[in-house]
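Visitor: Chain by chain, the residues run as shown.
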Amino acid sequence: MGLATAESSVRVRQKRSGVLWVGLLALVVGLGFVSLAIGSRPLSLGQVGHAVFAPDGDAASIIVWRLRMPRTVLAVLVGADLAVAGVIMQALTRNRLAEPGLLGVNAGAALTVVLAISLLGVTSVSGYAWFAFVGSAIAAALVYWLAGRDAGDQGRIRLVLAGAAISASISAATGIVTQFDSTTFDSYRFWVVGSLADRGSDVATAVLPFSVVAIGLALTLGRPLNALAFGDELGAALGVRVAWTRGLGFLAVILASGAATAAAGPISFVGLAVPQLLRWWVGPDTVRLVGYSVLAGPALVLTADILGRVVAPPGELEVGIVTAFIGAPSLLAAVLRRTRAL
Amino acid sequence: MTAALEVRAAIRSRRQRTGLVCGLLLLIALAVSALALVLGDYHVAPLKVLDILAGGGDQTERFIIVGQRLPRAIAALLVGAALGLAGALFQSISRNPLGSPDVIGFTTGSASGALLALLIGNATGARVAVWAVLGGLLTAVAVLALTGRGQLRGERLIVGGIAVGAMLAAVNDYLITRADPERAQEAKLWLLGSLNGINGSPVRFLAVVLLVLFVLTACLRRRLGVLETGDDLATALGVRPAQVRLLAALLGVALTGAAVAVSGPIGFLALAAPQLGRRLTRSPTPALASATVTGALLLAVADLVSQRALAPFQIPVGLVTGVLGGAYLAWLIGRR
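Residue numbers (my numbering), protein chains in the order written: chain A, 1 to 342; chain B, 1001 to 1336.
Worth flagging that the hints you see were computed from the coordinates, not collected in a lab.
You may find that some hints are simply not true.
Unchecked claim - When the alpha-carbon atoms are kept at most 25 Å apart in a straight line, the in silico SDA-like pairs for lysine to any residue are as follows:
| id | chain 1 | residue 1 | chain 2 | residue 2 |
| --- | --- | --- | --- | --- |
| 1 | B | K1188 | B | P1312 |
| 2 | B | K1188 | B | N1199 |
| 3 | B | K1188 | B | Q1059 |
| 4 | B | K1188 | B | V1215 |
| 5 | B | K1048 | B | Q1059 |
| 6 | B | K1188 | B | R1308 |
| 7 | B | K1048 | B | R1308 |
| 8 | B | K1188 | A | L119 |
| 9 | B | K1048 | B | P1312 |
| 10 | B | K1188 | A | F325 |
| 11 | B | K1188 | B | K1048 |
| 12 | B | K1188 | A | L120 |
| 13 | B | K1188 | A | R96 |
| 14 | B | K1188 | A | L277 |
| 15 | B | K1188 | A | V287 |
| 16 | B | K1188 | A | V34 |
| 17 | B | K1188 | A | L336 |
| 18 | B | K1188 | A | V122 |
| 19 | B | K1188 | A | G216 |
| 20 | B | K1188 | A | T183 |
| 21 | B | K1188 | A | R189 |
| 22 | B | K1188 | A | Q179 |
| 23 | B | K1188 | A | F190 |
| 24 | B | K1188 | A | S182 |
| 25 | B | K1188 | A | S118 |
| 26 | B | K1188 | A | R279 |
| 27 | B | K1048 | B | E1228 |
| 28 | B | K1188 | A | D202 |
| 29 | B | K1188 | B | R1178 |
| 30 | B | K1188 | A | L251 |
| 31 | B | K1188 | A | L115 |
| 32 | B | K1188 | A | L43 |
| 33 | B | K1188 | A | R94 |
| 34 | B | K1188 | A | V193 |
| 35 | B | K1188 | A | G121 |
| 36 | B | K1188 | A | R68 |
| 37 | B | K1188 | A | T123 |
| 38 | B | K1048 | B | V1038 |
Next up, chain A with everything else stripped away, as it sits in the complex:
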């Protein structure tokens, strides 16, 4: 009797999460179409459908394929990257407050972008991308080298603190550069908000391989990370190679968040909010969290990007600003509703 109830509750849960996954997929596809339709020259969904499936070189196809498709694809990639990086980061550190920016990713990217503007005179957003990627990878590697060498709870706390310490030092260095070079600060303040505007299709193509590798790594690491959730020793007893899992997990986070930051600037909060919200729906299983993040992250970023284009015509609100305004209230509402522990 008890067993039957347990089995049926598992089945209900699986069914519910299956419905959620299909629902999210439909949502992302729908939002993608809306994102292709909305802009300074609005298109009807029919026109968009025609342009997507049977492009014939008319104005609508050119707008869709040249301008809006790169942006929409980039929103999907950035959203998936940030959300997956958040899940892995939180699993690695066993800290629900961990997010990709914690590893020094954002700080490192900001410093190299500022140096590129100040010393090399780089001006285009596509030009920032590689500098941002290199900077975030170096900073994250530094944090890992500083803290990641030993396992156990102390190692975890050290990782979190090392991230905070390195971020603080690097951000202060960025602050000093922007303090004495106001031209650089003037360009930097627009990059640091996080935006998807004016990125050509080359940015999306450059980011794609990194995102695919990172998400693939995250999916394969889900099981070992689940085992490590009980502690490193128990995880090792269950046959997980702790050092490998940590190292590869770290690589996945660097690739995913580095790619996202390179493409769009530091978009905070997606990596923190999406796993938090999903955890209340699908539970703590890392494999499932990664699977859902791949859709929930894009849904959040696409919604934010669309809203940013609609709310303040003829101008735009940057996507980084809007993600905070959508993500934060939903997280807050969830916190207030669930009085139980997180």
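Using the hints provided, position chain B relative to the given structure of chain A.
Guide: Frame of chain A; chain B shown alone:
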């Protein structure tokens, strides 16, 4: 029986170590402050400084030492102590090494207040500080009111704080993007925090407020210590977790508010000081006393560096705390 005695001896020796380290840190902090009185563009000999403090010297010398350097040195000690203690309170109630006044939105809220005053209200000086403190207090109280009903849990409080903080941070970024370049630069400078051009009256105000807050925090210390053993055990020992957390959070907010009013938001100090103090005293958890003296020492050193490193350029002290505190914490973590 012998085991119990050994535990007692261990506790006693740890207490002695904590007391010794804290005393030593305080002495170094005072020595650094004394150095700050002597160093500067206007040269005054060390012995002459003592004479001036005792009431001697001509008018110019008295103005430089008593009117400018002394308030600044004291302000560095007080602001550092306040931020260090606030950080320790938040790390204690959240049981998270990332806990600091930032996490419940205080710093971001005060930045919003200051940016609104600077960029929209065209305010200057003390009025910016008032707006900043108002912004921070409003945010913190809103977060506490939203998440603090019923059982106040550390994590609930922090996630709520991060959510509200993220929205305000987006507002801040937006305001800075839309302002004209000079105003944006000015606003950024304020946001970094600085002790430039401070004089006697705000420091006296700060000293009085902090004295009261330190005494109140000392009264709460024992109960906070009990709470760190866990909610269930604390309840069994007659401590009400939600109440203690709320009081500690309010004290942390008040301490941060007093500090921000004088210096603007100085980043990273509240996070770093408790962790550095904990490592120096080899205490298993962040302790209030060591965090307070470490904070004072850290800001005294940082302010001296910010004045003298690139003189006559004045680096905002918030950047120096970031570089120094960050590098030192990184070194301590990497050292094993």
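Visitor: Hint by hint, note whether the structure agrees.
Guide: For each hint, the structure was consulted:
1. K1188/B - P1312/B: holds, 20 Å
2. K1188/B - N1199/B: holds, 23 Å
3. K1188/B - Q1059/B: violated, 36 Å
4. K1188/B - V1215/B: The given pair, whose Cα atoms are some 34 Å apart, is violated under the 25 Å limit.
5. K1048/B - Q1059/B: holds, 13 Å
6. K1188/B - R1308/B: holds, 21 Å
7. K1048/B - R1308/B: holds, 21 Å
8. K1188/B - L119/A: holds, 21 Å
9. K1048/B - P1312/B: holds, 23 Å
10. K1188/B - F325/A: holds, 22 Å
11. K1188/B - K1048/B: violated, 38 Å
12. K1188/B - L120/A: Between K1188/B and L120/A the Cα gap is close to 24 Å, so the pair holds against 25 Å.
13. K1188/B - R96/A: violated, 30 Å
14. K1188/B - L277/A: Given pair K1188/B, L277/A is violated - Cα atoms ~33 Å apart, limit 25 Å.
15. K1188/B - V287/A: violated, 42 Å
16. K1188/B - V34/A: violated, 37 Å
17. K1188/B - L336/A: Answer violated: K1188/B to L336/A is near 33 Å, above 25 Å.
18. K1188/B - V122/A: holds, 23 Å
19. K1188/B - G216/A: Given that 25 Å is the threshold and the Cα spacing comes to 40 Å, the pair is violated.
20. K1188/B - T183/A: holds, 14 Å
21. K1188/B - R189/A: With Cα atoms ~10 Å apart, K1188/B and R189/A stay inside 25 Å; holds.
22. K1188/B - Q179/A: holds, 9 Å
23. K1188/B - F190/A: holds, 14 Å
24. K1188/B - S182/A: Holds - the C-alpha atoms of S182/A and K1188/B are around 11 Å apart, at most 25 Å.
25. K1188/B - S118/A: holds, 18 Å
26. K1188/B - R279/A: Since the Cα atoms of K1188/B and R279/A sit roughly 37 Å apart, the hinted pair is violated (cutoff 25 Å).
27. K1048/B - E1228/B: violated, 49 Å
28. K1188/B - D202/A: violated, 33 Å
29. K1188/B - R1178/B: holds, 13 Å
30. K1188/B - L251/A: violated, 34 Å
31. K1188/B - L115/A: Status holds; Cα separation ~18 Å.
32. K1188/B - L43/A: The given pair, whose Cα atoms are some 41 Å apart, is violated under the 25 Å limit.
33. K1188/B - R94/A: violated, 34 Å
34. K1188/B - V193/A: With a Cα-Cα distance of about 14 Å, the restraint between K1188/B and V193/A holds, given a limit of 25 Å.
35. K1188/B - G121/A: holds, 22 Å
36. K1188/B - R68/A: violated, 34 Å
37. K1188/B - T123/A: holds, 22 Å
38. K1048/B - V1038/B: holds, 9 Å
Hint check: violations occur at hints 3, 4, 11, 13, 14, 15, 16, 17, 19, 26, 27, 28, 30, 32, 33 and 36; the rest are consistent with the structure.
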